[in-house]
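Novice: Going line by line, the protein sequences match chains A and B. End of the first sequence = 66 in my numbering, gap-free, step of one. End of the second sequence = 281 in my numbering, gap-free, step of one.
Source of the hints: derived by calculation from the structure; they are not laboratory data. Quick caveat: nothing in here was measured; it's all calculated off a predicted structure. Some clues are possibly wrong.
As the list claims (entries may be wrong) - The list that follows gives simulated cross-link-like pairs (lysine to aspartate or glutamate, EDC-like), each with its CA atoms no further than 20 Å apart:
# : chain 1 : residue 1 : chain 2 : residue 2
1 : A       : Lys-29    : B       : Asp-172
2 : A       : Lys-30    : B       : Asp-172
3 : A       : Lys-29    : B       : Asp-196
4 : B       : Lys-162   : B       : Asp-172
Unchecked claim - Cβ-to-Cβ under 7 Å is the rule here; a few derived chain B residues that face chain A:
# : residue
5 : Gly-161
6 : Arg-227
7 : Gly-239
8 : Ala-279
Using N, Cα and C, we set each Cβ at its ideal position, and we do this for glycine too.
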Amino acid sequence: MIADNWTFVAAAYGLTAIVLLGYWRRLAKKERELEALSRRNAERRRAEPSSRPPLDESPLQQHPRP
Amino acid sequence: MVRTLGWLTVAGLLAGLVMAFGVAPREVTQGNVQRIMYVHVPLILASYLAFGVLALASIVYLIRRDAVADRVAHASGEVGVMFVGLGIATGSIWGKPTWGTWWTWDARLTSVAILFVMYLGYLLLRGTIDDPERAARYCAVLGIVAALDIPLVHFSVYWWRTLHQPPSLMKPGGFTGSSAILWPLLVNLLAFVLLYAYFVARRIRLLCAEAEAAA
């Protein structure tokens, strides 16, 4: 019979817990980033129609192609 | 739905820990170090599941060119690589006190290392091709070819003389050990299958959101 080697047991379970928690946190972080990005995109889309210059002031109208 | 799956997974993992440390007996020859089996074996079996799902989703993608199938394959591959990497690491930690070495180039260990490298390559291939359709197509082919290594890994202990013990579960004649060892192993296997499903569901959701943001 060999010794119990609890250090090895702790290392195996500890490593597994660290990697799995790390992956879970990475997924959560990516989700938060994407949510922020989609919120920004939605705000930009909402702001775009009002910030667009009227048709007669558009750059194309001011500088017509020859 | 994903949140419920997450809580089920947490409950399963906690039950698995209780079974592995509170219910399972101290093994006669190896001592308490054998308790590594309750995390090592479920990790490897869940990675087989992950790569099996990846291969099936890849076949579906090649037939239907369905983006959902590609996302399932991608998510499953990522989780599978993590599981098999952890399976190799925990096996190595278990090997040191029982075999006297962290690593040996026997058939089981070598074939599982090849499996790990192939799926790592699968993920790298996805990252290196800019065109998503082409990346999905190439990866689908690689995912199917790499799956051929799974039976090689599993049966390597029968086909060659190895230091690694034969499978505990999924072997001809079924499990032959004590039920005091079998039940903790099954509870942990279920917990890791739930964990796999939870991670894959979240990763697929993320891939869909990424595709929407890129569009």
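Novice: Next, verify each hint and record whether it holds.
Specialist: Here is how each hint holds up against the structure:
As the CA atoms of Lys-29/A and Asp-172/B are separated by approximately 40 Å, the hinted pair breaks the 20 Å bound. At roughly 39 Å between alpha-carbon atoms, Lys-30/A and Asp-172/B are farther apart than 20 Å, so this suggested pair is violated. As the CA atoms of Lys-29/A and Asp-196/B are separated by approximately 24 Å, the hinted pair breaks the 20 Å bound. At roughly 15 Å between alpha-carbon atoms, Lys-162/B and Asp-172/B fall within 20 Å of each other, so this suggested pair holds.
Among the interface hints, the one on Gly-161/B is violated; its C-beta lies about 9 Å from the nearest C-beta in chain A, farther than the 7 Å criterion. Because the closest C-beta pair between Arg-227/B and chain A is about 23 Å apart, greater than 7 Å, the hint is violated. Because the closest C-beta pair between Gly-239/B and chain A is about 27 Å apart, greater than 7 Å, the hint is violated. Satisfaction of the interface hint for Ala-279/B is found here, the shortest Cβ-Cβ separation to chain A being roughly 6 Å, below the 7 Å cut-off.
Checked against the numbered hints above, the structure breaks hints 1, 2, 3, 5, 6 and 7 and satisfies the rest.
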